[in-house]
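J.: Sequence:
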Amino acid sequence: MRVRATALLVRQHAVLLVKERGGPWFLPGGDLRPGELAMAAAIRELHEETCVEASAAAFLWQHVSAHHMHQVFRVAIPADARPRANVRAGIDDVRWVELSQLARMSVTPGTRAILERAAGVTGTVSRPDWRGGAGASPGF
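Under the numbering used here, the first residue of the sequence shown is numbered 1, with each subsequent residue one higher.
Check the hints yourself; a few may be wrong.
Just the calculated beta-carbon pair ranges, DEER-fashion [claimed, not checked]:
id	residue 1	residue 2	range
1	Met1	Gly23	12 to 22 Å
2	Asp80	Pro109	26 to 36 Å
3	His13	Gly35	35 to 45 Å
4	Met1	Arg117	29 to 39 Å
Worth flagging that the hints you see were computed from the coordinates, not collected in a lab.
As the structure is a prediction and not an experimental result, all values here were calculated from the model.
Built from N, CA and C at the ideal position, the CB exists for glycine as well.
Based on the sequences and whatever the hints tell you, model everything.
T.: See below:
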């Protein structure tokens, strides 16, 4: 089982997802390099896939899926940041997606499970302490 650093970005009740050509949507992230810390990998992968720099990151939880042990990080980006697909990194599309849209989208099982946990019982991925232009929580 591979360790995957996974970035969860929330902005105005939507989450940032990425997609490789012909594949399902998933949360930004990827494998750790030798000796790399998971948080550093999440920030690096976010930049490689979406061309944006993180302004803050915090560990949320670990999630085990069929193929990965996800180290999930809540990541904030500047309010004026505009994520875009980095085709050189194999990313074909980047999109802010509302939770209500997920049922109609092809999403990896790991991403779906992480988003369901993030939504909790409220049915929304955004929680009161996660609001803000860049989705940063107070004190983030």
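J.: Is the distance from the Cβ of Met1 to the Cβ of Arg117 consistent with 29 to 39 Å?
T.: violated, 19 Å
J.: With respect to the beta-carbon atoms only, verify the hint that Met1 and Gly23 lie 12 to 22 Å apart.
T.: Holds, since Met1 and Gly23 (Cβ atoms, about 20 Å apart) stay within the stated range.
J.: Within 35 to 45 Å: is that where the Cβ-Cβ distance between His13 and Gly35 falls?
T.: At roughly 37 Å between Cβ atoms, Gly35 and His13 fall inside 35 to 45 Å, so the hint holds.
J.: Do the Cβ positions of Asp80 and Pro109 conform to the proposed distance bound of 26 to 36 Å?
T.: holds, 33 Å
Checked against the numbered hints above, the structure breaks only hint 4 and satisfies the rest.
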